[in-house]
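Number of protein chains: 2
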Amino acid sequence: MGGQQQHGGTRHSVVFAVNGEKFEVSSVDPSTTLLEFLRYHTRFKSVKLGCGEGGCGACVVLLSKYNPELDQLEDFTISSCLTLLCSVNGCLITTSEGLGNSKTGFHPIHQRFAGFHASQCGFCTPGMCMSLFSALVDAEKTHRPEPPPGLSKLTISEAEKAIAGNLCRCTGYRPIADACKSFAADVDIEDLGINSFWAKGESKEVKISRLPPYKHNGELCRFPLFLKKENSSAMLLDVKGSWHSPISVQELRNVLESVEGSNQISSKLVAGNTGMGYYKEVEHYDKYIDIRYIPELSVIRRDQTGIEIGATVTISKAIEALKEETKEFHSEALMVFKKIAGHMEKIASRFIRNSASVGGNLVMAQRKHFPSDVATVLLGAGAMVNIMTGQKCEKLMLEEFLERPPLDSRSILLSVEIPCWDLTRNVTSETNSVLLFETYRAAPRPLGNALPHLNAAFLAEVSPCKTGDGIRVNNCRLAFGAFGTKHAIRARRVEEFLTGKVLNFGVLYEAIKLLRDSVVPEDGTSIPAYRSSLAVGFLYEFFGSLTEMKNGISRDWLCGYSNNVSLKDSHVQQNHKQFDESKVPTLLSSAEQVVQLSREYYPVGEPITKSGAALQASGEAIYVDDIPSPINCLYGAFIYSTKPLARIKGIEFKSESVPDVVTALLSYKDIPEGGQNIGSKTIFGSEPLFADELTRCAGQPVAFVVADSQKNADRAADVAVVDYEMGNLEPPILSVEEAVDRSSLFEVPSFLYPKPVGDISKGMNEADHRILAAEIKLGSQYYFYMETQTALAVPDEDNCLVVYSSIQCPESAHATIARCLGIPEHNVRVITRRVGGAFGGKAIKAMPVSISHM
Amino acid sequence: MGGQQQHGGTRHSVVFAVNGEKFEVSSVDPSTTLLEFLRYHTRFKSVKLGCGEGGCGACVVLLSKYNPELDQLEDFTISSCLTLLCSVNGCLITTSEGLGNSKTGFHPIHQRFAGFHASQCGFCTPGMCMSLFSALVDAEKTHRPEPPPGLSKLTISEAEKAIAGNLCRCTGYRPIADACKSFAADVDIEDLGINSFWAKGESKEVKISRLPPYKHNGELCRFPLFLKKENSSAMLLDVKGSWHSPISVQELRNVLESVEGSNQISSKLVAGNTGMGYYKEVEHYDKYIDIRYIPELSVIRRDQTGIEIGATVTISKAIEALKEETKEFHSEALMVFKKIAGHMEKIASRFIRNSASVGGNLVMAQRKHFPSDVATVLLGAGAMVNIMTGQKCEKLMLEEFLERPPLDSRSILLSVEIPCWDLTRNVTSETNSVLLFETYRAAPRPLGNALPHLNAAFLAEVSPCKTGDGIRVNNCRLAFGAFGTKHAIRARRVEEFLTGKVLNFGVLYEAIKLLRDSVVPEDGTSIPAYRSSLAVGFLYEFFGSLTEMKNGISRDWLCGYSNNVSLKDSHVQQNHKQFDESKVPTLLSSAEQVVQLSREYYPVGEPITKSGAALQASGEAIYVDDIPSPINCLYGAFIYSTKPLARIKGIEFKSESVPDVVTALLSYKDIPEGGQNIGSKTIFGSEPLFADELTRCAGQPVAFVVADSQKNADRAADVAVVDYEMGNLEPPILSVEEAVDRSSLFEVPSFLYPKPVGDISKGMNEADHRILAAEIKLGSQYYFYMETQTALAVPDEDNCLVVYSSIQCPESAHATIARCLGIPEHNVRVITRRVGGAFGGKAIKAMPVSISHM
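So the protein lines, in turn, are chains F and S.
Numbering-wise, our numbering comes out as the position in the first sequence, counting from 1, plus 9.
Numbering-wise, our numbering comes out as the position in the second sequence, counting from 1, plus 9.
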């Protein structure tokens, strides 16, 4: 929120600070992300590129914004892989190196991550540290009592939630949670797992004293004076005509009209840019229009009719506003707002919600059928939207907005209005009626960046029958979304059917039958039956216990019921009345870690801190992609086959602007004389580096495009079009069954044949138990290492090469590279330093990556 | 020469080819040299930075220019360290990698340099190869008979001269000359030194057959088609308003006026830019005006009055024009022209003369007192200059031009006119008079880039006395220059004295006395007495043998004498009448290399080719500065003390534009905590890295300035001003004698004390001979390695460092770096790969360079 700043002029360069250090960038491709800038133009490489989608948290940094009017700092985490560089103008960025490092001393966060063995491959650790640090900063801002020495104001519950959305693939999270919880004022020190700080049997006080002490340090992310000055004379950013920050609706209109007038110019409205995590951007835009500085779009306004939330308000800010206790609203309205807020807290991760805007989410839902939670819960709550098209403004029900054709580029979503539900003021409501509101969501994970299989929001006005022997539905809104539908819908037929009915099993059964026809996933949606059944389950959960209620149902009981429902949301059913985050119980069940250490081979077996663990935490550990690239380094990206079995006729680029930056397009034809088209070598034989005339599977590398930057190489690979031909080819074999049918079998290497021991048939016959035949099918699984496959090849004298590779089998890469290039093995040196997760996935599949980088 | 091209428009990017590969540069600092571009923006790092003054030849490349009208290629060597990138627009550059390399196969030049052991440290070798290659290209253009198989059209004499100006500090040149001569059609194979091609005793034919065969290959430096197209639609270069190529005097005037109008804009006229080798450029210019495309300035015109040479004509082209045999001129005039040409061939090196302009040389002489040879010889020959100031043009005698105040920036030297000396047409001359003309030059080296201690040019009209008993000087011009004078002068008083005199020793003695008063080096000139004596010697050489001639001196004898004098110039006195470079005898005296190889330890002792020698020749060998710098690498330059003993009060930068690019200015105050101000460590103790409060000698490092590029760091160091204070300090000790006087002695380490053996006094007394005392003084000497001191430091994890250093003692650097930074030695890794010459100079003095790069 905060007042809009007065803008004093226009500035043409982006000015910001990283760990207190000033950076000024006057010439920048506006699509540059903060991550790209940090990794390629600063020494702060703690910021890791994991998924590039805001889904893993390896790139999390703390962003601090200064409000000169209030002289206040706002600090929150963001995904640097989605945040555009231009949007951090005037901000301070803190990375894990900024917390502490090997030169200035590590931060206790780093030390405790190390001591609790919470960093294995280490690739996720700096992001984890930043998420925890942000939680500590937030806790310090509360008015809670001073924590015991060495600890913080953080609660255990907050400590656990701090890293929600930060993925780790090595540790299983237990040690990370321990490291986080060790900062909590209310930590149960006995609950923490093995670590290198204390010995078994030491007292609680001694144990705490052995932790690297935490002391709130205002110096960290202290806002630099030069940036305060920047902000106090705040100027609008206008970078070489490619980044605009209009400060009024009129200015926005002017910019849009100027773009409209020219069909040469492509433009994009941006607030948090988090949508790019889902909709990978291949397109290049000429103009970016940052709409966060337009008052109408950043408003949060409460009045008796409800809450209006501007389109650019972040989901985090919306949650905060919706949670706010205020006398302005009736308790029923507050209940609805809080439930919406509670649901919104399950959307994506904290670091995404901190930049993602409510409006961006709704527009994606409307234009691109994004499986939005915001749309569903707001639809259930009867929200309205304000739309501007040119000079014209209109207010629509959200439902109508969603059903319209995709919003055109001239139309702007200004804000959303959530009505104030207050049955006492509703003249049409019966005086004894009660408002029920609940939201639902089923997703692969309860928290942390998982899209729902289905979501729902139900609002109902119910009252006890006048006869006192049942509950009547006076009115209801039943919204469902994200189940494989263009947009969130209301189950109108079910609503109509239920309206006026007294709830009983028969009624509910009929309703469910109707519902099955309303919630129908579109063709091609995965697990459709499960999704439909979720809708039924949620509806049953909402109405089920109100069914067949007979005697003595009063309004008071219903109100109690309504409160009770609200608590189902939190994972533990307790009877506290007031929401106090600091008192919410922990997410993790209790656990005890018992490790028996034999003293026989002492000191072997002693828990010691892994060498380099603190460096991993501070982000100073150097992974392949952190090795400074040589000047004029070229970058490559694979083009993969999309057809399992096809002839490759050629490769072209869709976009005309691409070939300029492309230095080479390598395919099997470019294997040097004397070399072989070999991409990996295993005990089962070798695999080709590139598909030759025929592709052998979908996902097989077809070519390797080389460009002046990784971004350009990736983009070129994205817009490459492979021309396939499938005439006269048999259909591809896509399952084991087909392979057996068509006798297409790999030969099993003889060393894998089991040696027969004894007479198997005889043994089987004599056995007490018989073998029963059964069939089990295992789906495929991703290795899912956090660090992507990476290699850096540096040519050296006399046709020698040094290849840095994140590989588990450098010795195989070594031989394979030499064979592929047709050079002696002694000309090749493969160096593996750190591997940011592997799980077998970097044993074989890292080889083609190393080879292609030659 | 060649006609002026028609210019079709303006082009805003520099387009050229390197080894056939296209480069297009649209945004460039116009002060960027070709060397900077090649080394920092291409992979062609064979081009080495040695002296940066055009004085060593390590950066020599072949430049090919296409003339679309004549469909002809001109190929010549240039110093890439002085050539501005913008001036190679439209040209093809060939580097040693372009001749051949480890991937495509080495060129026979590379192979023979390797086989003749002509590459030791290898730093000079690529430049050597290019100079030889250029000579081969020139020879192939002649109409000489086809050479024997495997050899070229080159002559031995040309082969030897090919590398004049390319310095080598390791080999002593013998093996290099052998490698060059091995290509000559007229090679005496027995004259070539040891090599790894043939065995002793093999026949001449077999030996030749064992040489890697040379075959003229038109493919090398074949002009690329795309560049031909560029040239045929030749466009003028105008790079972002900072590089202009006017094509007429009027356009030049316009540009100059626009510059004149603004005192904000600094500008510079450029032709070959070779002057920068002598006058290091600290200044940055806003505009460069390339005047090579203005017809009036690039003219070479002959008429009956003489030869007019445009100011931008290169010295090489001027030599060519002056040497041309033409019926147009009387033999006397031709003699004068050829002598001027012969003298000009001793100026700088071939690769400098190929770009240096006649006008640039004269303007430097006039404005900046450059010790010019051109000015002296033209003054002796009675040349005139054409000057343009605004709309006004005037013709001046060269003498008057030199005596004027420095040419202002509005005035342009257009051309120089050398008169046609033809006494037969001179009505005032006596009919039996003869013209004598001679030029002289004394320099540290006869050929190859050495400024003269003194030069002279004498022209005299003499005739036999009517009495027949002596020679009368009818007229004379005696020009002297470069002896420590503002500009070349005529010894007027001597001229006047001699005019009309019959030559005898008395007359000559008087003339010499007068000359001593005329040729007086300015205060501060080194070896002034030697310089004056040279003037006397040259005058005596010119007139001496004509003195005291008595009987029967005829005009014919004088003409013969005149011819004879002309031959003194060439180093061997033979009686050939016609100049034919291919028949000029070789420069090197005959030599025989006898190496007795013992077979006792066979194969030890066998001459084998050094591993990597061919890589050194092709320029693929990687020296420290060839290691690709990491992205965002910082570059440093030392600021040295100019005072031997002074207090340092502070350091500032003269130029206001500098501090922007300066990242840090490090001095002893920046030694990290726990570290020491230590720069080197020897058996005699350690030396500080930086001067602390007091400087200890002139040349001591005071600070290290760090910037975003080497150029900017060098520039910042150049404009840095150290504020010294010398109050209350004793005078510095500058000689051994002063040190002894003031008892300021270093302690001799005990291990250096000689152990007394026997009774020295007794032995001395009993000895047959007595020791006589004498004093000998040795001046200082430069180590003079070709590769400058270089180090590259790459920070690694956990405060570790990898330092690549061109050092002879990596083990000492290793320890010293650790002590300076206060880190454990195991955190430091020092890697020495190749050392481009050292001679002890990279034992100790490379250490501070390695350390400062931390």
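Incorrect hints may appear among the rest.
Since the list gives no way to pick one copy over another, a pair counts as held whenever it fits inside one copy or between any two copies.
With a straight-line cut-off of 25 angstroms between C-alpha atoms, the simulated DSS-like cross-links for lysine-lysine are [unchecked claim]:
id, residue 1, residue 2
1, Lys-690, Lys-401
2, Lys-663, Lys-652
3, Lys-238, Lys-720
4, Lys-764, Lys-150
5, Lys-31, Lys-678
6, Lys-31, Lys-238
7, Lys-112, Lys-678
8, Lys-720, Lys-296
9, Lys-237, Lys-31
What the hints contain is simulated information worked out from the structure, not anything from laboratory work.
Against the structure, the hints come out as follows:
Proximity of Lys-690 and Lys-401 under a CA criterion of 25 angstroms is satisfied in neither setting, with 65 angstroms inside one chain copy and 80 angstroms between copies. Only within a single protomer do Lys-663 and Lys-652 lie at most 25 angstroms apart by alpha-carbon distance; the minimum there is 18 angstroms, versus 66 angstroms between protomers. In the homo-oligomer, the alpha carbons of Lys-238 and Lys-720 never lie at most 25 angstroms apart, since the shortest distance is 34 angstroms inside one protomer and 33 angstroms across protomers. In this homomeric assembly, Lys-764 and Lys-150 never come within 25 angstroms of each other (Cα to Cα): the closest approach is 68 angstroms inside a single copy and 78 angstroms across copies.
In this homomeric assembly, Lys-31 and Lys-678 come within 25 angstroms of each other (Cα to Cα) only across copies, at 23 angstroms, whereas the closest approach inside a single copy is 48 angstroms. Within a single copy, Lys-31 and Lys-238 get their C-alpha atoms as close as 13 angstroms, which meets the 25 angstroms cut-off; across copies the closest is 48 angstroms, which misses it. Taking the closest pair of Cα atoms, Lys-112 and Lys-678 come within 25 angstroms of each other only across two copies (18 angstroms); inside a single copy the shortest separation is 49 angstroms, beyond that limit. In this homomeric assembly, Lys-720 and Lys-296 come within 25 angstroms of each other (Cα to Cα) only inside a single copy, at 18 angstroms, whereas the closest approach across copies is 36 angstroms.
Taking the shortest alpha-carbon separations for Lys-237 and Lys-31, only the intra-copy value of 12 angstroms comes in at or below 25 angstroms, while the best inter-copy value is 48 angstroms.
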